[in-house]
Amino acid sequence: MNVYEVIKRPILTEKTTEQADELRQYTFEVDRRATKIDVRRAVEAAFDVTVEDVRIMRMPGKTRRFGRHIGRTSTWKKASVTLAPGDSISLFEGV
Amino acid sequence: MKVNTETVATREVVLTIEPDAKTIEDAMRRTARQISRVRPVPGFRPGRAPYAMVERMFGREVILNQALDVMAPDIYRQALKEAEIEAYSQGQIEVETEDPVVLKVNVSLAPTVELGDYSELSIEPEPEVAITDEQVEEEIEAVRRRHAEYTPVERPLQMDDHAVLDIKGVSGEEEIVNQERVTVNVTEEMMPPGFGEALVGMSVDESREFTLSYPEEFEDEELAGREVDYEVTLHTVREVELPDVDDDLAKMAGDYDTLDELREALTERLTQRLEAERRQRETEAAVEALLSVVTVEYPQAALEDEIDRIMQNQAGRLQSMGLNFQSYLNMVGQTIETFRDSVRPSAEQSLIERLALLEYAEAEGIEIADAELQGEVGRALSNRLAMQASPQIDETIDEMRKDGTMRLIYADVLVRKAAQHLVANFAGREEELAELSESAESETAEDEEQAAEGEVVGEPTSDSAVEESAVPADEEQPEADAEA
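So the protein lines, in turn, are chains A and B. Residues 7 to 101 in this note's numbering are what the first sequence spells out, letter by letter. Residues 2 to 485 in this note's numbering are what the second sequence spells out, letter by letter.
In short, the hints are calculated from the structure, not lab data. A virtual CB, placed ideally from N, CA and C, is assigned to each residue, including glycine.
Just the calculated beta-carbon pair ranges, DEER-fashion:
(1) B:K23 <-> A:I76: 54 to 64 angstroms
(2) B:N5 <-> A:S80: 53 to 63 angstroms
(3) A:P91 <-> B:K23: 25 to 35 angstroms
(4) A:T79 <-> B:N5: 57 to 67 angstroms
(5) A:P91 <-> B:D21: 34 to 44 angstroms
(6) B:K82 <-> A:T79: 54 to 64 angstroms
(7) B:D404 <-> A:R70: 56 to 66 angstroms
(8) B:A22 <-> A:T79: 39 to 49 angstroms
(9) A:Y10 <-> B:K23: 37 to 47 angstroms
Interface residues of chain A toward chain B, partial, derived using beta-carbon atoms under 8 angstroms:
(10) L18
(11) T19
(12) E20
(13) T23
Kindly generate the complete structure, drawing on both the sequences and the hints.
In structure tokens, the structure reads:
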């Protein structure tokens, strides 16, 4: 897979910022077709860091109703990346 | 914090303030947390979003402005301290640059009063008011005239009659008067000289034409020295019958039984009036003398405030006559701006006088004891509101203490007392001086007693009285005694 199509956006929540600060774990939404290896390559290329570990989970879409219509949100893939000690990614400008 | 002072006008400066970066940053972080509490960032519980997230969502400017709103008073106060400035009033704080943060604020400085050496100054004390019998008789004459009876008569006009006239006066091309059916008292003092005499002998419905000139030194410069052609028609002649000077006149004039009582009352009223006038003249002279050794510098804002005061007073006066200030302005054809301009000179004068007197009060250690002040306010209130119940007055006084009105009143009373002191001092009236200083002491003592009482009873008014009565009478006393 093309490196630039893998990472879609960082997931920034209270939980992920804490993990980033304390465990060097950064969380991204990634392309559904991406593998752990794709993610590792993409992160290393994009942020110039060494990736130690990648965990991937599939986030199943949820049923959403709009009145009589039943719909589903799409399933997506979330990757949690642990960096080598000393590395870090600044996900927000100005920090 | 770096503070730069630049003088832009008399007693007006512009402060350029550069607060420490650290202080600003801390404040901004606190503010960011506040913001995220009110408008939570998605993914974070309210108030938990990291600073960078908040900044990215709302922008640095928003955070900075909000932080400054909170910090401005503190920064301002600290800047004043740093620049060693005593402010009179404060303008808007403006953000000059954001990074680094530089603020600008226009500050009016407290007026400065330089009191020169006034120990050599004096005024000519005016003699005590003494009423002569003639003056009293004149007053009685006035009373008689007020209660005179007018009876229409069928005879030619005589001096001292009442006449109803049409008067037309022309000087050259210009019409001086043109009035119909005016009622006049025909006397020898009528203007221009000879007018009264020219009327004498006229009978009803008769017309006369005559020419008279105004004297060269007439008050009204428009008319002084002018020759006027008059055309006068007489409509009615009334004889003036003055009541006899006896006990009946006294009864007519008011609540007096005998003529002697009326005389006494008139004498007293006259004395009071002349005394007040005398005081007024002396005060003016003394203040003028004081001003000759005083240099006052004040910011524009102080003058504008003074004008505001005058306007408020005026509005209050009009209100009591049942007039609205705006409709009054319309009536006299002025706008607020022209009115302000018209009172500006007198406002300037009274501002300077007040500042000078306050400084004088300071120099002489004149103070107003709390009880004295309270009495003053109580009197003013019961006069104005016709209130008799003192609890209500106490309540109002309490309220005034809270909203700061009391401080203003204090200054007013102080100015008045300072003026009294000044007059007594310059006129060399030692007893009065001593009295003025003494009254402060005795009233303070009284006040303390009251306060002590209040503590036992637990009355709220007296509690605050303790706080307010910071008048160290003992300190001032020895000096004044020595002088006396």
